[in-house]
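Student: The lines below spell out each chain.
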Amino acid sequence: MTLLTIENLNVSYRGSGRSAHILDGVDIEIGHGQSVGLAGESGSGKSTVAFALLGLLADNAEVSAAYAAFDGRTQDFAARETASLRGADIAMIFQDPMTALNPMFTIGTQLVDIQRRRFQKASRKALWARAEAVLADVGVQDAAARMHRYPHEFSGGMRQRVVIAMALLVEPKLLIADEPTTALDATIEAQVVDVLHRLRQRTSASMLVVSHSMGLIAELCDSVVVMYAGTVVESGKVADVLHRPRHPYTRALLACEIDPFAAFDPSQDLATIPGNVPDPSRRPKGCIFAGRCPARHDRCSEKPPQRHAGDGRPYACWLEAA
Amino acid sequence: MRSASLQIHLAFKLATALLAVAGSVVLLLALTRLIPGDPATVILGSRATPEAVAALNARIGLDRSLVEQAFAFFGRLFSGDLGEDVFNGRPVLNLVLAALPNTAALAISAMVTAVVLGVPLALLSARWPGGKVDRLIAFLSVGFISTPSFVVSVFLLMVFSVTLRWFPVLGAGESGDLADQLWHLVLPTAALAAGWVGYIARLLRSSLLEVLSESHIRTLRAYGVSEAKILMKYALKPAVLPTVAVLGMGFGELLGGAVFAEVIFNRPGLGSLIYDAIRTRNYPVVQGGVFIIVLLYVLTNLIADLSQSLIDPRERARLVSGRGQ
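Residue numbers (this note's numbering), protein chains in the order written: chain B, 2 to 323; chain A, 23 to 347.
Keep in mind the hints are simulated off the structure, nothing from the lab.
In this text the structure is predicted, and so the values were computed from the model without any measurement.
A couple of the hints might just be wrong.
Derived lysine to any residue pairs resembling SDA-like cross-links, with alpha carbons at most 25 angstroms apart [as the list claims (entries may be wrong)]: (1) A:259 - B:109; (2) A:259 - B:153; (3) A:251 - B:119; (4) A:259 - A:111; (5) B:126 - B:149; (6) A:251 - B:15; (7) A:255 - B:147; (8) A:35 - B:100; (9) A:255 - B:15; (10) A:255 - B:97; (11) B:126 - A:251; (12) A:154 - B:147; (13) A:251 - B:106; (14) A:255 - A:267; (15) A:251 - A:146; (16) A:154 - B:154; (17) A:259 - B:147; (18) A:251 - B:149; (19) A:154 - B:106; (20) A:154 - B:15; (21) A:259 - B:154.
Derived Cβ-Cβ restraints for the label pairs, each shown as a range [said to hold, decoys possible]: (22) B:34 - A:155: 34 to 40 angstroms; (23) B:244 - A:235: 40 to 46 angstroms; (24) B:204 - A:235: 31 to 37 angstroms; (25) B:34 - A:235: 31 to 37 angstroms.
Ideal Cβ positions, reconstructed from N, Cα and C, are used throughout, including at glycine.
Construct all of the structure, not just a fragment, from the sequences and the given hints.
Tutor: Here it is, written out as structure tokens:
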């Protein structure tokens, strides 16, 4: 049984005159205790998926799904019913630790208040003690004193630990990490990845890691969903997708990663994917990646079929499986 | 080292405040000369002898240059002397101190009313922006802001005192009878506060909406923290900073507005004292009265400035440790 199933998730924003289609038929499935990565460049809609799960999209967003279920119950993500999942069943680690915490209140106050939805009858003292313990757990030294400090008195890495502690405190069934390391520098990134690693080993929570970094996803996840311009282009086990990418976009994305073990060659430019993600209000009719695809041919003007590779993993492309 | 920077900060603020006071005194002395009509003629009548006029001018310092007057003013100030009433020779300081409590009571009650009504209105507006409640509050606020307080005063007097006879018409009430004094305070307070209620409601609403769109609020929402707690705790505290700054300046403006209210409601106070003094060219009283208002204005600004730093933990840390941003 899966923890989360969403079929054909669509999100669009209605603006003046035209509407922008942000997500187009996204399918996502996360099993109990499983960790799924959501990969793609900026503008691919991967964060929109995360926000839609929590009902945190802006008011003018229109959300619909053919079928959605969380933990055995069907969920209507369009009806903002998801608000009841927040802070109890689903928790989120946000991208930028510098802005994710309120500058006017102590860490302790914030760590207590975010537990309220989950533990409605607990005393403030008990919640404070829990927060202190978890803060120490994620590697914040002298946690008892740190509870009384304000966010500006923490370094970036320490703030991200506080943000992770928030997610741990509510013992969610699903933990969403939205670009958890993007805003951090390299040494701190390694520490935060380590904390997330330990977290996965210790809790039975499922995880959804939203990141543009295939490296981070490879490190933290079992399977990966590759998104491009609001559609899923390929999904499967991390090892399979990484070693045998089927979709030209996945290949291009992997080519952009830096191989830390390759000989350093300063004369060689970093690989990039030429062109930009298409404007969501002017989506091409056929394959969404056709405009930037190196293997484009005539059929790409039609919507590509969902195909299955030999190992059963789906991808959406006209090319024969390589 | 730690407290040294705080002292430097305070000293700097105080120095700026004193400079503002000094500047305003010079301006004040210059302006009193620009008021049309020779004080000596107004005071002594048109048939006064030149000797009498010269003697009077010498007494109130009008025979000396502006700079000399300013120095004389500050010199006397250090001995607590604000000059004397031209007509009866009573010390201006006593007149001002007698009038001050009435004006302060009016200004403070107007400010408290404005905050007590304005803050909840702002919270209501920001809870459902663009909704019916928000639009109604916006309509009323703009109406209150754009109606001058003296118009409101006359209107309130006509309706509630003259026609309905719910409230007393004139005066500040029997001295010693607190209930009567408060009763007399209601209409002038309403007249002064109306615009400020609207102003605070609008100002705080827009800062609340700005804060509500920040990521730390999204964090709280993602954890299911109740919208009421988000609004009244986590959004209100950062959003209140600009309003505190405006209130500091607003208090000075309220003191100015009190002049109209006191004249219209015939309340004894700094406003009516200065108003009467201007009419009779009683320069020392004008100067002493306005000087006290300037002093209060600078003082409330200073308090607002400091309380802003005290509310914001980042500012507080900067003040105490002396680290620049």
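Student: If a hint holds in the structure, say so; if it does not, say that too.
Tutor: Status of the hints after comparison with the structure:
Taking the CA atoms of residue 259 of chain A and residue 109 of chain B, the gap is about 17 angstroms. The hint holds against a cut of 25 angstroms. Of the pairs offered as hints, the one joining residue 259 of chain A and residue 153 of chain B holds, with about 16 angstroms between alpha carbons and a cut-off of 25 angstroms not exceeded. Taking the CA atoms of residue 251 of chain A and residue 119 of chain B, the gap is about 15 angstroms. The hint holds against a cut of 25 angstroms. Between the alpha carbons of residue 259 of chain A and residue 111 of chain A the distance comes to roughly 51 angstroms, so the proposed pair goes past 25 angstroms and is violated.
Among the hinted pairs, residue 126 of chain B with residue 149 of chain B is consistent with the structure: their alpha-carbon atoms are about 14 angstroms apart, no more than 25 angstroms. For the suggested pair residue 251 of chain A and residue 15 of chain B, the alpha carbons sit about 30 angstroms apart, so the restraint of at most 25 angstroms is broken. Distance restraint check for residue 255 of chain A and residue 147 of chain B: the Cα-Cα separation of roughly 21 angstroms lies within the 25 angstroms cut-off, and the hinted pair is therefore satisfied. Between the alpha carbons of residue 35 of chain A and residue 100 of chain B the distance comes to roughly 31 angstroms, so the proposed pair goes past 25 angstroms and is violated.
For the proposed pair residue 255 of chain A and residue 15 of chain B, the alpha carbon gap of about 32 angstroms is over 25 angstroms, so the pair is violated. Distance hint between residue 255 of chain A and residue 97 of chain B is fulfilled; the C-alpha atoms sit about 22 angstroms from each other, no more than 25 angstroms. At most 25 angstroms may separate the alpha-carbon atoms for a hinted pair to count; residue 126 of chain B and residue 251 of chain A meet this at roughly 19 angstroms. As the CA atoms of residue 154 of chain A and residue 147 of chain B are separated by approximately 44 angstroms, the hinted pair breaks the 25 angstroms bound.
Simply put, residue 251 of chain A and residue 106 of chain B have alpha-carbon atoms about 13 angstroms apart, close enough for the 25 angstroms limit, and the pair holds. Distance hint between residue 255 of chain A and residue 267 of chain A is fulfilled; the C-alpha atoms sit about 19 angstroms from each other, no more than 25 angstroms. Proposed proximity of residue 251 of chain A and residue 146 of chain A is supported: the alpha carbons are some 13 angstroms apart, at most 25 angstroms. Of the supplied pair hints, the one linking residue 154 of chain A and residue 154 of chain B is violated, its CA atoms being roughly 42 angstroms apart against a limit of 25 angstroms.
Restraint check: the Cα-Cα separation between residue 259 of chain A and residue 147 of chain B comes to about 21 angstroms, which is no more than 25 angstroms; the hinted pair holds. The hinted pair formed by residue 251 of chain A and residue 149 of chain B meets the criterion: a straight-line CA distance of about 20 angstroms does not exceed 25 angstroms. For the given pair, residue 154 of chain A sits about 32 angstroms from residue 106 of chain B by alpha-carbon distance, which is inconsistent with the 25 angstroms threshold. Proximity of residue 154 of chain A to residue 15 of chain B is assessed by CA-CA distance (about 22 angstroms); at most 25 angstroms being required, the pair is judged to hold.
This hinted pair checks out: residue 259 of chain A and residue 154 of chain B have alpha carbons roughly 19 angstroms apart, not beyond 25 angstroms. Between residue 34 of chain B and residue 155 of chain A the CB atoms are about 46 angstroms apart, so this pair departs from the stated range of 34 to 40 angstroms. Checked against the hint of 40 to 46 angstroms, the pair residue 244 of chain B and residue 235 of chain A passes, with Cβ atoms roughly 43 angstroms apart. A C-beta distance of roughly 32 angstroms is found between residue 204 of chain B and residue 235 of chain A, which places it inside the suggested range of 31 to 37 angstroms.
Between residue 34 of chain B and residue 235 of chain A, the C-beta spacing of about 36 angstroms keeps the proposed range 31 to 37 angstroms intact.
The earlier numbered hints that this structure contradicts are 4, 6, 8, 9, 12, 16, 19, 22.
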